[in-house]
Structures are given as structure tokens and as C-alpha cells.
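Asks: Sequence:
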Amino acid sequence: MNSGHQHRVFGRRAQEHILILASGDKVRHMTVRPWMAALAFCFVGVFSIGYLLATSYLVLRDDLIGATMARQARMQHDYEDRIAALRAQVDRITSRQLLDQQVVEDKVDKLMEQQMALTSRHGKLDNLLDRAESSGLTETDGAPPTPSSPVQSYAPNVKDKRASLSGSGIEAIEKQLASGAPADATPDNSTLAYVPATDTVGDRADRVFSKVTLSLKDVEQDQRSRVEQLTSDAGNAANAIETVLTRFKIQMPENAAAAKKDDDDAVGGPYIEPESNDDFNNSLAALDGALTRLEAVRSTAESLPFRNPAVGKDVTSPFGNRRDPFLGRLALHSGVDFRFSPGERIRPTAPGKVISAGWTGGYGNMVEIDHGNGISTRYGHMSEVLVKVGDAVDRNDVIGLAGSTGRSTGTHLHYEVRQNGHAVDPVYFMNAGLKLATYIK
Numbered sequence: 001m002n003s004g005h006q007h008r009v010f011g012r013r014a015q016e017h018i019l020i021l022a023s024g025d026k027v028r029h030m031t032v033r034p035w036m037a038a039l040a041f042c043f044v045g046v047f048s049i050g051y052l053l054a055t056s057y058l059v060l061r062d063d064l065i066g067a068t069m070a071r072q073a074r075m076q077h078d079y080e081d082r083i084a085a086l087r088a089q090v091d092r093i094t095s096r097q098l099l100d101q102q103v104v105e106d107k108v109d110k111l112m113e114q115q116m117a118l119t120s121r122h123g124k125l126d127n128l129l130d131r132a133e134s135s136g137l138t139e140t141d142g143a144p145p146t147p148s149s150p151v152q153s154y155a156p157n158v159k160d161k162r163a164s165l166s167g168s169g170i171e172a173i174e175k176q177l178a179s180g181a182p183a184d185a186t187p188d189n190s191t192l193a194y195v196p197a198t199d200t201v202g203d204r205a206d207r208v209f210s211k212v213t214l215s216l217k218d219v220e221q222d223q224r225s226r227v228e229q230l231t232s233d234a235g236n237a238a239n240a241i242e243t244v245l246t247r248f249k250i251q252m253p254e255n256a257a258a259a260k261k262d263d264d265d266a267v268g269g270p271y272i273e274p275e276s277n278d279d280f281n282n283s284l285a286a287l288d289g290a291l292t293r294l295e296a297v298r299s300t301a302e303s304l305p306f307r308n309p310a311v312g313k314d315v316t317s318p319f320g321n322r323r324d325p326f327l328g329r330l331a332l333h334s335g336v337d338f339r340f341s342p343g344e345r346i347r348p349t350a351p352g353k354v355i356s357a358g359w360t361g362g363y364g365n366m367v368e369i370d371h372g373n374g375i376s377t378r379y380g381h382m383s384e385v386l387v388k389v390g391d392a393v394d395r396n397d398v399i400g401l402a403g404s405t406g407r408s409t410g411t412h413l414h415y416e417v418r419q420n421g422h423a424v425d426p427v428y429f430m431n432a433g434l435k436l437a438t439y440i441k
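Position 141 of the sequence shown, counted from 1, bears residue number 141 in the UniProt record's numbering, the numbering being contiguous throughout.
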């Protein structure tokens, strides 16, 4: 019952497989277990799979190698294309830099030409400005002209406005050229053959040199306006001086120069075209002519006795007919008497040459000075004469000491002006000197 029940519950027990190996008299057997069969099956399966994989690799190896080589070839071509693009970009950048360098050099050459032109102009302009300053047309202290000096135009120091490009000027330009960002020479892989346009050195050079050129033009325009103003002022001053000199029938220097133009029997030389004919040089030539004319008439005016010989002194007797202090009858007084203290210094009213010095009749101790143009001055009644005939005297030289010699009633200075040998009223000359005070020293 138990065995039947056990059979029904667990079923029939599987029979074991026995492997019998006989070799001669020896017989061996080995029971084949289920796990051994499973292990053998697994081994056979693994071997079969390995065999299949090895066979597949051998079959597909050429395709894999070909694909790998093709991929490597594509990568190599990509790198070669990138290197070629970079080389092309470097060549473009190098060419652009060479072009920019050439542009900058051309700009610098043009600026240097302008600088040389301005330097040449300044050489001429400085001389003219010095002459204008010595003629009283410019203010050296930087102050504007006073209302009493209508012809003295205030001209700022044009000498300081020199557009020099040497030294710090070139360094400043180079700093401005180097201030921009350089061009991108290493673009990414997606834009190997193209670089966006950037602000190049040539572009910056154009802007910088445009500013410098405009600045130079402003300086040139300012110079031209100053020159024109000085030319106008010099002409006005010369006209004013000539007007005064004409009243006294003084020969104008330009008339004397015109008379010498006919004397051309000792001149010559090859004909050479003028250096330039631009407006600026023409304006310089006009200023030179105006200053030459002003200097000539100004020199003539300064050589004549237009100044007061006794500033602040009382006039004791004017020019003209008066009652003679000794005879008591009407007589011509040929000069002007100024009250002086005994021994006070007497100075001439203009430079000239002493033509008489010593005792001269009623003048007492008298000095006569020739100023040219037929005009001379006399200084009488001096207590002592300090010059001799032939001496060249200036305005600041002392020619004698005040006294009361000759026909004199007291210490004073008899001042007399003669034109072509005839006595004229010195007041006319002194009044003209007041008008010329702004033009002559």
C-alpha cells in the first residue's frame, strides 16, 4: 500500500543512465548525471557560438578594415581641409597686414610731406611774426589790445601751433593705431574659409590720419587768417603813418624805392620758376610786402622829431610872434620854451647826427641835430654841452644840461624844429607824435 501510494504521489523514478566502457578484460562504467549532461550541452553551445563568431569575424574582417580605413581617410581629408583653410586665412591676414602697412606708410609719407610744408612755412612765418611783433602788431604778453591801439591786432602765438609729427607725435599715432582689436586669425571649424570683416589697421589708420589731416588744415587755416589779419593791420598802420608824414611833405620810402627800380644796370641771373604759387605763400608774400612797407614808413617816422622834449614841463613861451623880452617890441619866437631846473638833463626828440654844438649867438650853448629828410632840431640856452659835432645820438642820449645862456631871462629849454632851413611850430610835430604813438616806439 505504501509503495503504491508513493508511486502515485511522486511518480515513477527515472532510471539513471550508465555509460559502460570496456577495454579488454576491464569494464568501467560511469553514471551520467543530469548536471553533467547540462554542463556538456553548455560547453558545446559556447564552443559553437565562439566558432560562429570567429567565422563571422573572418568573413566580415575586410569590410570592417575597409570601413575603418575610409573613416580615417575622411578624418585626414577633414584635417587637411582645415589646415588648407587656416593657411589660406593666414595668407589673407598676411596680405591684409602688408596692404595695411603700405597704406599706413603712404599716409605717413603724406603727413611728412605736409609736415615739411608746414615746417617750411613756419620758417618764413616765424620771421614775419618777429617783424610784426617788432612793428607793434602783436602783443607779447597775451593781453588783448587796448582801445587806444586800434591797429595793434592781437595775434596769438602762431609759433606754438607747429604740427610736428616727429617724436611723441608719431608715438601717439602708433598708439592710436594699436588700440583696436586684432583680426581673428583662428576661426572655428564651421567657418574655416570665412572670417567676418573686422576693424583693420588700415581702417584705423584712415580715421587717425583723417583727424590729423583735419587738424593740420585747421592750423593752416588759422595761420592764413592770422596772416591776413596781420597784413591788413600792417597796411592800415602804414597808411596812418603815411598820412601823417604826407602832411609834413616827407618823401615816402616806397617813392624812393620806386626811383631806384630804374637803376637795373647791374642785376641778372638765370630765370627760375617760383617755388610755389599757392594761396598761403601768396599771403605770406603779401604780409612780407606790407611789413616791409610798414617798417620803412615806421623807420622814417621814428627818425623824425615827433616826440615831446619836455614831458610834463610847463610851456613858458609858445611858437610865433611875441613881445621880445629884451627889446619890448614884436618879434618872431622860432621855437617853444619849456621851464627846466638848472642842470637838468636834456635829451633829443629823435635820433640823428650833431651838426652844431657850442655857443651860437642868442641861443647861448646850443646843439643842432640833423634827422634827415631836411628836418633838424635845436636845443638852446644850455648850461653845458655834452656832445660834439659829428656825434650820432639816440633818443636816450644826454646832449646837454639845462641853463640860461644867451638871450635868456631864466633857466629853460628853447626847443626849435626846422624843415628845409625854415622854423616850424614844434607843436605840429608833437601833435602828430600823439597820433603816431600807437605805431612808433
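Do not take every clue at face value.
[What the hints assert, rightly or not] As a list, the in silico DSS-like pairs of lysine-lysine whose alpha-carbon atoms are at most 30 Å apart:
#1 Lys249 x Lys435
#2 Lys124 x Lys249
#3 Lys388 x Lys353
#4 Lys313 x Lys435
#5 Lys388 x Lys441
#6 Lys353 x Lys441
#7 Lys110 x Lys217
#8 Lys217 x Lys249
#9 Lys313 x Lys211
#10 Lys124 x Lys107
#11 Lys124 x Lys211
#12 Lys388 x Lys313
#13 Lys107 x Lys26
#14 Lys110 x Lys211
#15 Lys124 x Lys110
If you're looking for bench data, these hints aren't it; they were derived computationally from the structure.
Asks: Would you mind marking each hint as holding or not holding in the structure?
Replies: Here's how the hints hold up against the structure:
1. With a C-alpha separation of about 17 Å, the suggested pairing of Lys249 with Lys435 holds against the 30 Å cut-off.
2. The straight-line distance between the Cα atoms of Lys124 and Lys249 is roughly 35 Å, outside the 30 Å bound, and the hint therefore fails.
3. Our distance criterion of 30 Å between C-alpha atoms is met by Lys388 and Lys353, whose separation comes to about 10 Å.
4. At roughly 20 Å between alpha-carbon atoms, Lys313 and Lys435 fall within 30 Å of each other, so this suggested pair holds.
5. Of the pairs offered as hints, the one joining Lys388 and Lys441 holds, with about 26 Å between alpha carbons and a cut-off of 30 Å not exceeded.
6. In summary, the hint linking Lys353 to Lys441 is supported, as the alpha carbons are separated by about 19 Å, within the 30 Å threshold.
7. For the proposed pair Lys110 and Lys217, the alpha carbon gap of about 13 Å is at most 30 Å, so the pair holds.
8. Pair hint Lys217 plus Lys249 does not hold up; C-alpha atoms about 46 Å apart against a cutoff of 30 Å.
9. A C-alpha spacing of about 62 Å is found between Lys313 and Lys211, which places the hinted pair above 30 Å, so the restraint is violated.
10. Pair hint Lys124 plus Lys107 holds up; C-alpha atoms about 26 Å apart against a cutoff of 30 Å.
11. Proposed proximity of Lys124 and Lys211 is supported: the alpha carbons are some 26 Å apart, at most 30 Å.
12. A threshold of 30 Å between alpha carbons decides the hint, and for Lys388 with Lys313 the separation of about 26 Å falls inside it, so the pair holds.
13. Our distance criterion of 30 Å between C-alpha atoms is broken by Lys107 and Lys26, whose separation comes to about 116 Å.
14. For the hint pairing Lys110 with Lys211, the CA-to-CA distance comes to about 14 Å; that is within 30 Å, so the pair holds.
15. The straight-line distance between the Cα atoms of Lys124 and Lys110 is roughly 21 Å, inside the 30 Å bound, and the hint therefore holds.
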